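S.K.: Chain by chain, the residues run as shown.
There are 2 protein chains.
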Amino acid sequence: MRVEIVAVGTELLLGQIADTNSAWLGEQLALAGVDSHFHQAVGDNQARIVLALRTALSRSDAVIVCGGLGPTQDDITRESIAQVMNVPLVRDEELVEQIRKMFASRQRVMPENNLRQADVPVGASIIGQTRGTAPGLICPLGNKVIYAVPGVPHEMQEMFTRGILPDLRRRMAEQGDEAVIKSRVIRTWGASESALAEALADRVEELDHRGSDDGSTLTIAFLASGIEGIKVRLTARAPTEAQVDQMIAEEERQVRAVLAERLGDVVFGVDDQAMEHAVARLLVDSKLTLGLAESLTGGLIGARLVNVPGSSRWFRGCVVAYDSAVKHAILGVPPGPVVSAQAAEAMAVGARTALDSQIGLGITGVAGPDDQEGVRPGTVFVGIAPPEGEAFSRELHLPGDRDRVRQFAAISALDLLRRTLRGAPPQ
Amino acid sequence: MRVEIVAVGTELLLGQIADTNSAWLGEQLALAGVDSHFHQAVGDNQARIVLALRTALSRSDAVIVCGGLGPTQDDITRESIAQVMNVPLVRDEELVEQIRKMFASRQRVMPENNLRQADVPVGASIIGQTRGTAPGLICPLGNKVIYAVPGVPHEMQEMFTRGILPDLRRRMAEQGDEAVIKSRVIRTWGASESALAEALADRVEELDHRGSDDGSTLTIAFLASGIEGIKVRLTARAPTEAQVDQMIAEEERQVRAVLAERLGDVVFGVDDQAMEHAVARLLVDSKLTLGLAESLTGGLIGARLVNVPGSSRWFRGCVVAYDSAVKHAILGVPPGPVVSAQAAEAMAVGARTALDSQIGLGITGVAGPDDQEGVRPGTVFVGIAPPEGEAFSRELHLPGDRDRVRQFAAISALDLLRRTLRGAPPQ
Chain A
427 MRVEIVAVGT ELLLGQIADT NSAWLGEQLA LAGVDSHFHQ AVGDNQARIV
477 LALRTALSRS DAVIVCGGLG PTQDDITRES IAQVMNVPLV RDEELVEQIR
527 KMFASRQRVM PENNLRQADV PVGASIIGQT RGTAPGLICP LGNKVIYAVP
577 GVPHEMQEMF TRGILPDLRR RMAEQGDEAV IKSRVIRTWG ASESALAEAL
627 ADRVEELDHR GSDDGSTLTI AFLASGIEGI KVRLTARAPT EAQVDQMIAE
677 EERQVRAVLA ERLGDVVFGV DDQAMEHAVA RLLVDSKLTL GLAESLTGGL
727 IGARLVNVPG SSRWFRGCVV AYDSAVKHAI LGVPPGPVVS AQAAEAMAVG
777 ARTALDSQIG LGITGVAGPD DQEGVRPGTV FVGIAPPEGE AFSRELHLPG
827 DRDRVRQFAA ISALDLLRRT LRGAPPQ
Chain B
427 MRVEIVAVGT ELLLGQIADT NSAWLGEQLA LAGVDSHFHQ AVGDNQARIV
477 LALRTALSRS DAVIVCGGLG PTQDDITRES IAQVMNVPLV RDEELVEQIR
527 KMFASRQRVM PENNLRQADV PVGASIIGQT RGTAPGLICP LGNKVIYAVP
577 GVPHEMQEMF TRGILPDLRR RMAEQGDEAV IKSRVIRTWG ASESALAEAL
627 ADRVEELDHR GSDDGSTLTI AFLASGIEGI KVRLTARAPT EAQVDQMIAE
677 EERQVRAVLA ERLGDVVFGV DDQAMEHAVA RLLVDSKLTL GLAESLTGGL
727 IGARLVNVPG SSRWFRGCVV AYDSAVKHAI LGVPPGPVVS AQAAEAMAVG
777 ARTALDSQIG LGITGVAGPD DQEGVRPGTV FVGIAPPEGE AFSRELHLPG
827 DRDRVRQFAA ISALDLLRRT LRGAPPQ
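Quick note, the sequences are listed as chains A and B, same order. Residues in the first sequence are numbered from 427 upward in steps of one, following my numbering. Residues in the second sequence are numbered from 427 upward in steps of one, following my numbering.
Among the clues, some could well be false.
For chains that are exact copies, the list does not tell them apart, and a pair is met inside one copy or across any two.
[Claimed, not checked] In silico EDC-like links for lysine to aspartate or glutamate, alpha-carbon gap of 20 Å or less:
| no. | residue 1 | residue 2 |
| --- | --- | --- |
| 1 | Lys608 | Glu437 |
| 2 | Lys657 | Glu799 |
| 3 | Lys657 | Glu437 |
| 4 | Lys608 | Glu816 |
No lab work stands behind these hints: they were computed from the structure. These figures come from a predicted structure and were not determined experimentally.
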C-alpha cells in the first residue's frame, strides 16, 4: 500500500511555515508499515490542487490531503476533490446541524460561510470532528482513495489516528499487505557520530546481511541531533507486534552492551527522555536536592530542569551570577578570575550553601563572541560540589556561536551531573 | 517563471527530519518574485526521482532538486538527471582534481567513492563548491532547466544565492518577467489575532481592491506564532526594489499608527527582533541595570536575556527561587503565600537588592498540572521594582500545559518590563 501526502496551503510554498504535518504523517505511516514514496505541497488554487491530486493518484494507492478544509473562500480542497471524483458537492444536513450547535455552545454567531464545511462530494463518507468545525473526508475512487483532513496539526493528528489509520489497515489487510514497524531511539552524549558508527559497525553489517523467512527486518541508523546529542535509531519490521517488540528489545540490549564496553556511560535515555529526565530520575532515586549557580548559560539549565514534572521535590533553585560582583557577593566566589576551574568549584559550593541543597552545580565560561579574561569563546568550566568530599570540575571546549556554546554547555553540565550521580567522576 | 522544488531523501518521507530546505527555497523564490506552485519530496530511488523530475518539468519552467549529490551509493540525483536528459554521465577531470585537493588539504585519505561527485551529465554546467565536496549542476532541457544542489542547508543556501538565483534572474529578464518582492513582519504582543484583524480590516479591504498600473501589489497577513506573539506580515511586489521599499515603509507607518491608536503599545519589534531585544534596547538607552527573581519559569527569562549580545552591560543576574525557602532566605520575601501579587513585588524588590541592580523583576505562579496554595495552574504574578517609586504587579491567567504556561509567562513578564521602560504602567 503506497500513500502519498499532499499538503495544501500557499503559506507552505512561500516558506512562511515549514511543513511539519507531512513529516508527522510520514513518520506515522512508516510506523504503521505503509510505504510513502512521494510528498507534494501545493497552493490554494483549484486547478493546481486537482493536478496535484491526479498526479498523486497516478503513482500511489491512497492520498492524504491536508489543509484547505476551512470556512473561507481560500479553502477549496472539497471542490478540488469533487472535481477529481467528477461528482457534485452536496450539503450534509447533519453536519450543518453540528456546526450550528458548536457555534451555539460557544455562544458565538456563526458566519454563513461556515456552512461550506458541511459540503461533501457525493459518494464520500465523513470523519467527524471532535475538536474544530472542519470534518474530514474519505473519498473512494475505484480501488483507490483520497483522505482529506484539516491542516491544524492537533485536529489532523487526532483525525488521522481515529479515522484514517483504521481504514488504511482494513485496506491493507484486504490486500494481505500488513506489517508492524516500530522504532526505538537510544540517546547518547559524549561520543562522536563516527565513534558510535565504528563501535556498532560489525552489528550494522551483520543486520544488513541477515536474511529472514518472514520478511522481517531490523536496521540501525545514526541521527546527529546537535545540542540534544546523537541518536541511535533501531527500526524493526515484522508481521506481528510481538515479534517487533522482541526484536527491538533484544537489539537494544546488544547495542547498550557494545556501547558501554567500547565507549563507556554514553547512553542517557531512550525515545523522548531528555538529559534532564535522566538527572531527575537519579536525584529522586538518591533522595538528593540540587542547587545551581549559572553564569554564561543565564538560567538555561534551571529552565530545563523545571520542565520535569515533580522537580519541586529535588530542585531548590539557581543563582544566575551573570555579573562577576554577584558571584562574589551571593556565591562567595573568592576574588580573582571568574572563568576558571576554581571559580566553577567555588560556584558549586556557593550554590549548595546559598540554596541549602545537598549537591551544588556551578558553571562558568565564555559564550563569545569576544574573549573574557583572556579566555577564548567556547571555554567552559563545570564544577560539582557533592554531598560528601571535595568539589571538582571539568574543563570543556565547545564549538559554535554564542547560542550553541550555551546549549552545549547546559547539556554537558547536566551530563557530568548524571555521570557523577551514577558514581563515576571524579577521576 | 514557475519553479518547482524537489527534495530528495528517504529521511524526509519517513519524517525523521522536517523539510526546511524547501521552506527556505520557497521563501527566497518568493522574495525574488518567482512563482512556485508545487513542491515534491521523494526518496532515494532512481525510478521515483526520475518520475518526480518529469512530473515537475511537465508543470513548471525550472526545477531545483535538493539532495542526493553525496558520495555514497544512495546518492543518485546525478544519475536520475542524466536519465531525464537522456544523456550519459562523464567524469569531469577538473572536478576530480578539486576533490582530491580538498581531501589533501584536510590531510584525509579520499575514499574512491568520492569521485562519483565529479560525474556530470553531458550538456550540464557546474556550480562550484566553496564549502563541501559536492558541486551543484545547471542542466538545460530545451527552454527548461534543472538545478541540482546538495541537501546540506548551508551549502545549499550559499549555492542557491551564488549560482542559481543569477541564472534564474537572467532567464526571467529574457522573458520580461521580473519583479521584486519583499516582506516585513511587524511583531505584536498583547492583542488577539481577531483584534488585530478587526483593527486593520479597513486597510486590508482597501489593499484588496486597489488596482495598480504596473502590477504592483501589497498584502497584509496575520500569523499567530504562539509563544512569540502574533505577526502582521506586509508583502509588497513591484517592478523595482525602490518601489517595494517605499511601499513597505509607507504601509508599516500606517499599520503602526492604526494599531497604536486602536490597541495601544502592542508592537514590540520587526522581523527577527524578539521581545528580549526590545527590552535590551530600552535598558541600554535608559542606562539601567536589571536583576531578576524567577520561580515557575526556572531561569527561562534569564536565558532569553543573555541571548542578546552585550547583555553583560545591563544584566546583573537572576535568583531562581524554586523552593519557597529560597524566596524567603535570599530574596527576603515575607512569610506567607508565595503565589501572590505581594510575593511577586517582594521578589522584584529582593532581586534589586540582592543583585544590586536598578530595576528588579519578579515572577511567581503555578505552571501546573496541580494547584499550588489553592491557586489554579496558569495563574502568574509579575512584579516590577522600578528605580524610583513603589513596586507594582500584574496578575495573568495563561492557557496551555506546563511548558506553554512558562513560555507565555516569560514573554508576558518581559512585555510588562518593556511597557514600563517605555513609561506606561503602573495604571
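S.K.: Hint by hint, say whether it matches the structure.
M.R.: Now the hints, each set against the structure:
1. Lys608 / Glu437: The answer is between: 15 Å across copies meets 20 Å, while 32 Å in one copy does not.
2. Lys657 / Glu799: neither (36 Å within a copy, 41 Å between copies)
3. Lys657 / Glu437: Classified as between: cross-chain Cα gap 14 Å, same-chain 31 Å, threshold 20 Å.
4. Lys608 / Glu816: neither (46 Å within a copy, 59 Å between copies)
Violated hints, listed in ascending order, are 2, 4; each of the other numbered hints is respected by the structure.
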